[in-house]
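Q: Here's the letter readout for the chains.
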Amino acid sequence: MDLSFNAEERAFQSEVRSFIADNLTEEMKRATALTPSVFSDPPIGMAWQRALHSRGWGAPGWPVEHGGPDWTPAQRWIFESECARAGVPNVNVMGVKMVGPVIIGFGSPEQKNFYLPRILSGEDYWCQGYSEPGSGSDLSSLKTRAVRDGDDYIINGTKIWTTHAHHANRMFALVRTGDGPRQQDGISFILIDMKTPGITTRPILTIGGDHEVNQVFFDDVRVPVANRVGEEGKGWTYGKYLLEFERGSGIASAKLREGLRAITELAESDLTGRAIDSSDIATRISEVEIDIDALEMTELRVLSALQTGQNPGAVSSILKLRNSEIRQAVTRLGVDVIGHDALAVEPMRPLYKLNHEPALPEDMLTVVPEYLNGRAYTIFGGTSEIQRDIIAKMMLGI
Amino acid sequence: MDLNLSDEQRLLRESAERFVAESYDADHRRRMANDPLGFSPVVWKQFAELGWLALPIPEQFDGLGGGPVEIGILMEAFGRGLVSEPYLATVVLGAALIDKCGSTAQRQASLPKIADGSLKLAFAHSERAARFDLGRVATSATKTAQGWRLAGSKMAVLDGHAADEIIVSAHLHDHRGPSGRIGLFPVPATAPGLSITDYQRLGGGRGCNIQLSDVHLPDDALLGDGQDALPAIEWAVDRAMAALGAEAVGIMQTLLDTTLEYTKIRKQFGRSLSANQVIRHRLADMAIQVDEARSMALRAALKADSAPVERARAASAAKAKIGKCARFVGEQSIQLHGGMGVTEELEVGAYFKRIVAFDTLFGGSAHHYARHAQLGRATASA
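For the record, the sequence lines run as chains A and B.
The UniProt record's numbering puts the first residue of the first sequence at 1, with every later residue one more than the last.
The UniProt record's numbering puts the first residue of the second sequence at 1, with every later residue one more than the last.
None of these hints come from the bench; they were simulated from the model.
Careful: at least some of the hints might be erroneous.
Derived pair list, reagent style BS3-like, types lysine-lysine, alpha-carbon separation capped at 30 Å [stated by the list, open to error]: (1) B:K264 - A:K393; (2) B:K100 - A:K393; (3) A:K29 - A:K97.
With the rest of the complex left out, here is chain A:
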């Protein structure tokens, strides 16, 4: 056993570092640090996507024939960790990590040729149409319906929690094209142009003051049947395949560590009256750091298993659950560290374009909004309760 990376992997690590040093602008870095929600402002995120694409790194998880870089699991871990450490923007995850793999796995040759290059280049910006007001954890009870009319489907219904629907030009959605004995039957996976007449978007503000998610309404929206991925009625299978990607590529610890580092720096600063001198704060920082250590080791154990072609199994649910819980612990710690500055609300967004002097130091601007918005981590992508159901079923057989 060996916890350190070999010479080849270390060489790759320095390659990634110098790429980041050459391409990550000060504006990207600052915008990312000042984003109190999950996703980067699209101009920032897509500029980074273009930089990655020009280096051939636009889609780390894709097969080579579709433009993937052919990395080993260790290389992916190094890449993701270095990106987290440097604070690079989030790219359009819904394109690269969600719909991309589904199109690669189940799409037609025409769909692959059309959509994949546009995801890589950043020309298309995707959003995800899964949840509905009546379908949260019980996703397959969804009611948005697509009725066949010649070469088109006519779609009626509504989707909710649609991240960046107000920025996206495309949506992938699960819609009901039929009814079967089980509610999972009769669901299809469909690709929708957001400029199609009949689509309206309503913003939803989250408690941190950010506009990231939306509700999207469909009123007699015509979508060509050719935009369906795979077979009609088999969408649930494709949708579940995607959820496994959404639950994480198993690389989260580096980002958590970076978040804790920022909070620790605040705790060591005179701005907080050196909060770290309180033994309670110091011990809680250690507690969270140790939880991150444990998560990182589990990630590396999974990685080692993957390297030798073993299937790590339901551990992805453990990773998702612990990542979300630890992330919340980091943000909770942040609120306690900044003390009275937690009282000051800065409502302007995006924060990196703030044109007035804020009431609290810039390094603290995201702390409370991150804590508030961060309550969603244990809800989206399968709630913690659903993850525990999966662990009980898949790992314990009950």
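Given chain A, put chain B in place with the hints provided.
A: Same frame as chain A, but now just chain B:
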């Protein structure tokens, strides 16, 4: 980066798991709990034959040259069966201290005998006033014309009653008084002035309190050349905590397996306990914590020979986190077994008691979270 077991490591795990499954059942454990020795000399001989006593000893002293990862593999299997043989005292602590601090002659005299099973050791370090502070030693070793005179008392000496030699830590004194250095002395169990009071240890094995009333030792009894042994003691205790962490993982895994089985069989209100979501989620949380503990024990083993602060932080991180996880898994195992879990009729209680002993040894979770924080701040200001 590779955390997969090698073929040799896999074989070691298989043979240890098989041995424990075949040799340790509830009857064996009950017999050992009431045995004045607390373990089986026959089993100890088998450990020697299997090469386990030689495992971490360097090859030049008839050992196998294994490391903390191999020790962890063994200890996890020991945890599954609540093995009570003095492996930690003799091999993990005793052999490590002699190997680290002893002169070549001292290593040559002891290590091959540990490997072949003819020498059992114990480590007498803890003192009442010191609590968990490894650097606080009041027991004194005073230089005399003939050699050394040891005086003081030690507590929580694991398996000291069975040891042929007890490695005693003492503050070195010369004619000017205390030197500020700690020395290690292997004291023969038969030395005049040494008195041992042993007791049945919580969770299996035996422990003792030791009194040293002017124990006279020859000049060459001191391990090494008189350099301060505290860094070596900290190194050895960090290794022991990694090993104990792996043992705790084995204990937790057995508790989880047993409890899971019970909740499937036990029926209330016309259905299995495990049909209730509240029970399934509790078991999921237990499984998660077993997995986290496994990660932390492995991490501490892999960092057992890193630079002191990194090693110590990894050891304290493991001790703190595994202690917390193990208490949760242990307490929930009893809870889910209901009233029967609180009785001596089931084995859940025996496993739980070993967890309580684990969490206490060398300091509990609270102590190690605080140590981790202090070490971190020391690094930050350095």
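Q: Confirm or reject each hint.
A: Here is how each hint holds up against the structure:
As the CA atoms of K264 of chain B and K393 of chain A are separated by approximately 13 Å, the hinted pair is consistent with the 30 Å bound. Between K100 of chain B and K393 of chain A the CA atoms are separated by roughly 48 Å; this puts the pair beyond 30 Å, and the hint is violated. For the proposed pair K29 of chain A and K97 of chain A, the alpha carbon gap of about 22 Å is at most 30 Å, so the pair holds.
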